[in-house]
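Enquirer: These are the residues of each chain, in order.
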Amino acid sequence: MEYKPIRKVVSGNYAAAYAAKHARVQVVAAYPITPQTSIIEKIAEFIANGEADIQYVPVESEHSAMAACIGASAAGARAFTATSAQGLALMHEMLHWASGARLPVVMVDVNRAMAPPWSVWDDQTDSLAQRDTGWLQFYAENNQEVYDGVLMAFKVAETVNVPAMVIESAFILSHTYDVVEMIPQELVDEFLPPREPLYDLANFEKPFSVGALGTPADYYEFRYKLAKAHEEAKKVIKEVGKEFGERFGRDYSQMIETYRTDDADFVFMGMGSLMGTVKQAVDVLREEGYKVGAAKVRWFRPFPKEELYELAKNVDGIAVLDRNFSFGQEGILFNEAKGALYNTGAKPLMKNYIVGLGGRDFTVNDVRKIAENMKAIIEKGELDVEVDWYHLKR
Amino acid sequence: MEIPENVKKRLSLPAEEHFYAGHTACQGCGAALGLRYVLKAYGRKTIFTIPACCSTIIAGAWPYNTLDANLFHTAFETTGAVLGGIEAALKARGIKVKGEDGVMVVGWAGDGGTADIGLQALSGFLERGHDALYIMYDNEAYMNTGIQRSSSTPFGAWTTNTPGGKKHFLEKRHKKKVIDIVIAHEIPYAATASVAYPEDFIRKLKKAQKTPGPSFIQLFAPCPTGWRSPTDKSIELARLAVQTAYFPLFEYENGKYKINMPSTKKEPKPIEEFLKLQGRFKYMTKEDIEVLQQWVNREWEKLKKLAEVFG
Chain D
1 MEYKPIRKVV SGNYAAAYAA KHARVQVVAA YPITPQTSII EKIAEFIANG
51 EADIQYVPVE SEHSAMAACI GASAAGARAF TATSAQGLAL MHEMLHWASG
101 ARLPVVMVDV NRAMAPPWSV WDDQTDSLAQ RDTGWLQFYA ENNQEVYDGV
151 LMAFKVAETV NVPAMVIESA FILSHTYDVV EMIPQELVDE FLPPREPLYD
201 LANFEKPFSV GALGTPADYY EFRYKLAKAH EEAKKVIKEV GKEFGERFGR
251 DYSQMIETYR TDDADFVFMG MGSLMGTVKQ AVDVLREEGY KVGAAKVRWF
301 RPFPKEELYE LAKNVDGIAV LDRNFSFGQE GILFNEAKGA LYNTGAKPLM
351 KNYIVGLGGR DFTVNDVRKI AENMKAIIEK GELDVEVDWY HLKR
Chain R
1 MEIPENVKKR LSLPAEEHFY AGHTACQGCG AALGLRYVLK AYGRKTIFTI
51 PACCSTIIAG AWPYNTLDAN LFHTAFETTG AVLGGIEAAL KARGIKVKGE
101 DGVMVVGWAG DGGTADIGLQ ALSGFLERGH DALYIMYDNE AYMNTGIQRS
151 SSTPFGAWTT NTPGGKKHFL EKRHKKKVID IVIAHEIPYA ATASVAYPED
201 FIRKLKKAQK TPGPSFIQLF APCPTGWRSP TDKSIELARL AVQTAYFPLF
251 EYENGKYKIN MPSTKKEPKP IEEFLKLQGR FKYMTKEDIE VLQQWVNREW
301 EKLKKLAEVF G
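Chains as they are written, first to last, in the working numbering: chain D, 1 to 394; chain R, 1 to 311.
With the rest of the complex left out, here is chain D:
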């Protein structure tokens, strides 16, 4: 069957819901939270209209949403949920359970700032705080990447038996409508066949248990195997991304998408929707004579260390844009990127710009100001400050 995309104008959340439907998820357990809710509402609508055959479990909390997905996944089903901010924090314990029990649950997290003060707007600290739970993390730049990300996440997760999170921005994507090219169901089915579980609780031939006490004699090896699965995931992500490109024309074989970086003096690096603005700014700045590029980190876990090195060895500077902050230290992507390069030969000047926290607007003009600053410090050969709270009202 030849691929002819079905173009729909949808919000980021609806893109996620369509992707879950096209992935033929079997169990959805979820709890409402703004701005995630319309993902599950749309899925419920598919079920009510007979457009999707999904067991829907409307649970009483996010903690139970993840617990129910874990039970469903352990019993062989393809399980999906979505959440945001406080809801994701409430799930935290069970995120460890999903990865430890090697269950390929896929979840969409709508990046939203953590309270207090209460906020429903974009901020990456919620998902980045789940960094060490053993989940794969994919950050989507736009609604198309939300849709594509969910389909790829299932394929990668089910290959390496590690759960995966697809992350989109609150409101900037979740509630903003855009054209999304969807894939006909038959072709999705070819790309993503039914799940073959690692183990199946409904097989009674030889009784077994999952998640039992691991004594000091064995626990260590379980952790090692999960670590190896993340290494394996890097390979699988590139293969799946390449296959996706070959089948559907959108190539995701790079874990860090580079944009006009080949001859760049310095690059802007970041994750998620703000990178759309950055790419636009790069075009503007190039016309103004700046030799700049953009590096969008698509997969934060596993962390694309090798790709970062390939990028970093050819530039004089990296401006790391963090829509998040690790208190007592610095932006989380900045911290990770610096750490990843320490033992390599690449030592570009790196500066951390904290931007857009709690939904603060981030524009092309902001990128220009950052470019001016970066140019100045590169010429001088030293940083003014390492961490710059860019939007601060002074």
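Bear in mind the hints are in silico, worked out from the structure with no lab data behind them. Be aware that a few hints might be false.
[Unchecked claim] Derived lysine-lysine pairs resembling DSBU-like cross-links, with alpha carbons at most 30 Å apart:
{"#": "1", "chain 1": "D", "residue 1": "Lys206", "chain 2": "R", "residue 2": "Lys9"}
{"#": "2", "chain 1": "R", "residue 1": "Lys8", "chain 2": "D", "residue 2": "Lys206"}
{"#": "3", "chain 1": "R", "residue 1": "Lys266", "chain 2": "R", "residue 2": "Lys206"}
{"#": "4", "chain 1": "R", "residue 1": "Lys91", "chain 2": "D", "residue 2": "Lys42"}
{"#": "5", "chain 1": "R", "residue 1": "Lys304", "chain 2": "R", "residue 2": "Lys207"}
{"#": "6", "chain 1": "D", "residue 1": "Lys206", "chain 2": "R", "residue 2": "Lys206"}
{"#": "7", "chain 1": "D", "residue 1": "Lys347", "chain 2": "D", "residue 2": "Lys291"}
{"#": "8", "chain 1": "R", "residue 1": "Lys177", "chain 2": "R", "residue 2": "Lys304"}
{"#": "9", "chain 1": "R", "residue 1": "Lys9", "chain 2": "R", "residue 2": "Lys177"}
{"#": "10", "chain 1": "D", "residue 1": "Lys206", "chain 2": "R", "residue 2": "Lys96"}
{"#": "11", "chain 1": "D", "residue 1": "Lys206", "chain 2": "R", "residue 2": "Lys40"}
{"#": "12", "chain 1": "R", "residue 1": "Lys91", "chain 2": "D", "residue 2": "Lys206"}
{"#": "13", "chain 1": "R", "residue 1": "Lys207", "chain 2": "D", "residue 2": "Lys206"}
{"#": "14", "chain 1": "R", "residue 1": "Lys286", "chain 2": "R", "residue 2": "Lys276"}
{"#": "15", "chain 1": "R", "residue 1": "Lys166", "chain 2": "R", "residue 2": "Lys276"}
{"#": "16", "chain 1": "R", "residue 1": "Lys167", "chain 2": "R", "residue 2": "Lys177"}
{"#": "17", "chain 1": "D", "residue 1": "Lys206", "chain 2": "R", "residue 2": "Lys210"}
{"#": "18", "chain 1": "D", "residue 1": "Lys42", "chain 2": "R", "residue 2": "Lys96"}
{"#": "19", "chain 1": "D", "residue 1": "Lys206", "chain 2": "R", "residue 2": "Lys45"}
{"#": "20", "chain 1": "R", "residue 1": "Lys91", "chain 2": "R", "residue 2": "Lys210"}
[Unchecked claim] If you anchor each label on the Cβ, the simulated ranges turn out as follows:
{"#": "21", "chain 1": "R", "residue 1": "Asn6", "chain 2": "D", "residue 2": "His92", "range": "25 to 35 Å"}
{"#": "22", "chain 1": "D", "residue 1": "Tyr224", "chain 2": "R", "residue 2": "Ala184", "range": "39 to 49 Å"}
{"#": "23", "chain 1": "R", "residue 1": "Arg44", "chain 2": "D", "residue 2": "Lys8", "range": "39 to 49 Å"}
{"#": "24", "chain 1": "R", "residue 1": "Gly99", "chain 2": "D", "residue 2": "Pro216", "range": "39 to 49 Å"}
[Unchecked claim] To give an idea of the chain D side of the interface with chain R (calculated C-beta under 8 Å), a few residues:
{"#": "25", "residue": "Ala68"}
{"#": "26", "residue": "Ala75"}
{"#": "27", "residue": "Ser209"}
{"#": "28", "residue": "Gly211"}
{"#": "29", "residue": "Thr215"}
{"#": "30", "residue": "Asp218"}
The beta carbon of each residue, even a glycine, is placed where N, CA and C say it ideally should be.
Given chain D's structure and the hints, the job is docking chain R onto it.
Expert: Same frame as chain D, now just chain R:
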């Protein structure tokens, strides 16, 4: 060991064993007995989910599983939610759940994991109407953690965080009536059971298997370690709990209450007979015992009335 057919016929319990010897329960453990009976009733075609509790250990550390059935160990507060997820997955896959030939999905959680930290997930499980069974085995404290009070711990009982000291004891609250909370969800089937009455327990398990929708059984399971009682007195204690009406056996079925024999055979024995075999109540004065006795009397009268009006 093969049981001869003529002997099998005389047994009032299923002869098959699906609970392996070599488990790691303490001597006289009520929970271990309970698990054995559940497996006798349902056999291998059962999916258990067990949260943090003694039974996590009784079922064995990796790679062991002393249950002859599949088991998913889960986090402390998630039994109800995981049950729902497993059931949903089986239905999505077209696998029959419950009934004579269906898969039994069984949550097996202690009183701490049920009455306290897991109460919210239990409530969600009950009100959503999943086809699964939740068994709370009630040993009246957090035994696996080292005997700390739960909200199912009775008035006056010593535990390590509600000790009885020279001056007074700390446990001043009566046992939480989890079964009443469960019944408030208007589920099709809820019952109390005791390891001292295995025929009654297995009959209830069979009934839960036949009844569509969520079922709940609160199983009274003595703990010699936590109750400071002789290991050979567990069955006697479980029987006395029923005979004193401290833990009466009853069923709630589609809105109807039924008190089960032998709870109604004669007037309940004094609560002191149950208390005196256990070290955990030794700090109680005559007056304290009277406080507990009044509670038992009141609750027993309430249950009799319910059975009379909604029988």
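Enquirer: Hint by hint, say whether it matches the structure.
Expert: Consistency of the hints with the structure:
no. : hint                              : in the structure
1   : D:Lys206 <-> R:Lys9               : holds (29 Å)
2   : R:Lys8 <-> D:Lys206               : holds (26 Å)
3   : R:Lys266 <-> R:Lys206             : holds (27 Å)
4   : R:Lys91 <-> D:Lys42               : holds (22 Å)
5   : R:Lys304 <-> R:Lys207             : holds (22 Å)
6   : D:Lys206 <-> R:Lys206             : holds (24 Å)
7   : D:Lys347 <-> D:Lys291             : holds (19 Å)
8   : R:Lys177 <-> R:Lys304             : holds (16 Å)
9   : R:Lys9 <-> R:Lys177               : violated (39 Å)
10  : D:Lys206 <-> R:Lys96              : holds (19 Å)
11  : D:Lys206 <-> R:Lys40              : holds (18 Å)
12  : R:Lys91 <-> D:Lys206              : holds (22 Å)
13  : R:Lys207 <-> D:Lys206             : holds (27 Å)
14  : R:Lys286 <-> R:Lys276             : holds (12 Å)
15  : R:Lys166 <-> R:Lys276             : holds (19 Å)
16  : R:Lys167 <-> R:Lys177             : holds (29 Å)
17  : D:Lys206 <-> R:Lys210             : holds (25 Å)
18  : D:Lys42 <-> R:Lys96               : holds (28 Å)
19  : D:Lys206 <-> R:Lys45              : holds (11 Å)
20  : R:Lys91 <-> R:Lys210              : holds (17 Å)
21  : R:Asn6 <-> D:His92: 25 to 35 Å    : violated (58 Å)
22  : D:Tyr224 <-> R:Ala184: 39 to 49 Å : holds (48 Å)
23  : R:Arg44 <-> D:Lys8: 39 to 49 Å    : holds (48 Å)
24  : R:Gly99 <-> D:Pro216: 39 to 49 Å  : holds (43 Å)
25  : Ala68                             : holds (4 Å)
26  : Ala75                             : holds (4 Å)
27  : Ser209                            : holds (4 Å)
28  : Gly211                            : holds (4 Å)
29  : Thr215                            : holds (5 Å)
30  : Asp218                            : holds (6 Å)
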